[in-house]
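Build out the structure end to end from the sequences listed, making use of the hints.
Chain residues, written in single-letter form:
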Amino acid sequence: MQLEALYQQVILQHYRHPHNRGVLDAPDAEVHLRNPTCGDEITLQLHVRDGTIEDVRFSGQGCSISQASASMMTQRLKGKPLAEADALSARFTEMMHGSAEAAVDRNLGHLRALAGVARFPVRVRCALLAWNALGEAAKQVRTNGPG
Amino acid sequence: MYVGEIRQEFPILQQQVNGHPLVYLDNAASTQKPRRVLEALDRYYREDNANVHRGIHELSRRATEAYEAARVRVAALFGITDPAELIWTRGTTEALNLIAGSWGMANLGPGDEILLSVMEHHSNLVPWQIVAGRTGARLRFLEIDEQQRLDLSGLDELLTERTRLVSLCHVSNALGTINPIREIAARAHAVGAVMVVDGAQSAPHLPVDVQALGCDFFAFSGHKMCGPTGIGGLWGRRKLLEAMPPFFGGGDMIEFVELERSTYAPLPNKFEAGTPAIAGVVGLGAAVDFLAEIGPEAIQAHERYLLGYALEQLRAIPDLRVFGPEDIAERSGVISFTLADIHPHDLATILDAEGVAIRAGHHCTQPLMHRLGVGSTARASFYVYNTTEDVDRLIEALQRARTLFGY
Ligand SMILES: Cc1ncc(COP(=O)(O)O)c(C=O)c1O
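Which chain is which? The protein sequence lines are G and D, in order.
First residue of the first sequence? That's 1 in my numbering, and the numbers climb one at a time after it.
First residue of the second sequence? That's 1001 in my numbering, and the numbers climb one at a time after it.
Since the hints were made in silico from the structure, they are not lab data.
One should not assume that every hint holds.
Heads up, incomplete: computed chain D residues facing chain G, CB under 7 Å, no partners named [claimed, not checked]:
(1) A1340
(2) H1343
(3) L1404
Pairwise CB distance ranges (calculated) [as the list claims (entries may be wrong)]:
(4) D:G1136 - G:G79: 52 to 58 Å
(5) D:G1192 - G:H17: 55 to 61 Å
(6) D:G1079 - G:G22: 44 to 50 Å
(7) G:A90 - D:Q1008: 49 to 55 Å
(8) G:H32 - D:Q1008: 34 to 40 Å
(9) G:H32 - D:G1308: 39 to 45 Å
(10) G:R49 - D:E1326: 55 to 61 Å
Because the structure is a prediction, the values reported are computed rather than measured.
A virtual CB, placed ideally from N, CA and C, is assigned to each residue, including glycine.
So this is what it looks like as structure tokens:
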């Protein structure tokens, strides 16, 4: 039962046909993160204009959870203000730590399909990999200033 | 061999995990402990606990006796005729670091070469990187062929008078490949090189006789052979060990100490500074008694039977790719595989939900994964207590994974 909740169609869909996979020309921020225990890795790139994420791409390799999380995250954030990314990231992290309230938060949209990951503590870091990269990228934008 | 009876000796196997009877197939990472090992640890701490080699009192005498008696029994299992050549370490990693840090630092210099292979565990790679960095020696690597066996066609070119040391795994933890150590050791000796064997995956699973292997050093870990964690060993030839400088300095490894200099104790104490893992040694002794009673030949035959049984069923699963040699005689009870586009971590999670414990990841062999063109694999590995029912449960769980992923 829990497994079905984990491996929902929408997650497999994003795993097999990820959105925003690729590389950007002259990104304003670029972050490469690895999960040394399992070898998963992600490179996340942002184009930011006037505080808004104009474009976002990711590349790398990983399990269905990390890839689906990255795909849904980028889909949800494209065209949104950086400030919204921060808030969403905080909410998503709450959901990963088992918050029932976050798991029904409409703001999270499709990302709620990942709520089941919270029941598999060793897989939470897979779901958070892209979000950790996002946090680093946002930091880069704020220190370097967007283009 | 009555697997049913053997299983009864392992309390940990009599449990449910995620609502299913536990199927433990992560033995290459660490093995479970039979009752007699648990009891030996308990009895040691209840009745005999004291420091070794130091006290005049009765408990210290008993602790020392148990500590040294275990050395004799473990030595016997590996065909070591002089137990003083067997040094206790924390495990394979410490044993390999000891050789690199002591023999390597004393004997290597610019222009010298260390020959390894691309299938080595990080613990038989990183210590040599460190010592190469410090001494100016150069690392060279044997490649693997299309069946993930060592490619010995490159050996003549790689093994030269510059080669001072060859260090290879006896059995690959990521592939199960059994390497032809005896042949390689003979060729290493022909050019005057020292032969080191990482026995972490052979000591528990194959009959091992260090003399017959023809190596100069042999490293192993107790926790992979039914013993406690934190204890393992290094066997080395007396001549080499006596010529080597100590690795750790401290109590127990000295004869006489002055402020500016010391003289060192004879083998094996010279390499056993400080209070050792006495309980660990006692537990390892009990584990070795258990393995010796069953017999390494019987253990290998049992695992080979399970391997054949498993491979036949795994090869019938569409899109399942098994790594390692085709010929079962060239492999030990380790099966690395991938299944369609299902990431190994997803496989491991799905199997765990079915009570089946496997490993997924790079298995501390990142360069090998790179050679295989994968980021990671799933790995099932057997031991003496596994059964054909365990294999059946593995296969069923893999079918479940296929269903969940829409196959
Ligand atoms: C082939 C091989 N070498 C070395 C090691 C390191 O052993 P330990 O971690 O017990 O020191 C392992 C264990 O994972 C292994 O499989």
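Do the hints match the structure? See the list:
1. For the restraint placing A1340 of chain D at the interface with chain G, the shortest Cβ-Cβ distance is roughly 11 Å, beyond the 7 Å limit, so the hint is violated.
2. Taking 7 Å as the C-beta cut-off, the interface hint given for H1343 of chain D holds, the closest approach to chain G being about 4 Å.
3. The interface hint given for L1404 of chain D holds, since its Cβ lies 5 Å from the closest Cβ of chain G, which is under the 7 Å cut-off.
4. Judged by the Cβ atoms, the range 52 to 58 Å given for G1136 of chain D and G79 of chain G holds: they are separated by roughly 56 Å.
5. Between G1192 of chain D and H17 of chain G the CB atoms are about 58 Å apart, so this pair conforms to the stated range of 55 to 61 Å.
6. Under the hint 44 to 50 Å, the C-beta atoms of G1079 of chain D and G22 of chain G, about 58 Å apart, miss the expected range.
7. Between A90 of chain G and Q1008 of chain D the CB atoms are about 52 Å apart, so this pair conforms to the stated range of 49 to 55 Å.
8. At about 51 Å, the beta-carbon gap between H32 of chain G and Q1008 of chain D misses the expected band of 34 to 40 Å.
9. With their beta carbons about 43 Å apart, H32 of chain G and G1308 of chain D fall inside the hinted range of 39 to 45 Å.
10. In this structure the hint that R49 of chain G and E1326 of chain D lie 55 to 61 Å apart at CB holds, the actual value being about 57 Å.
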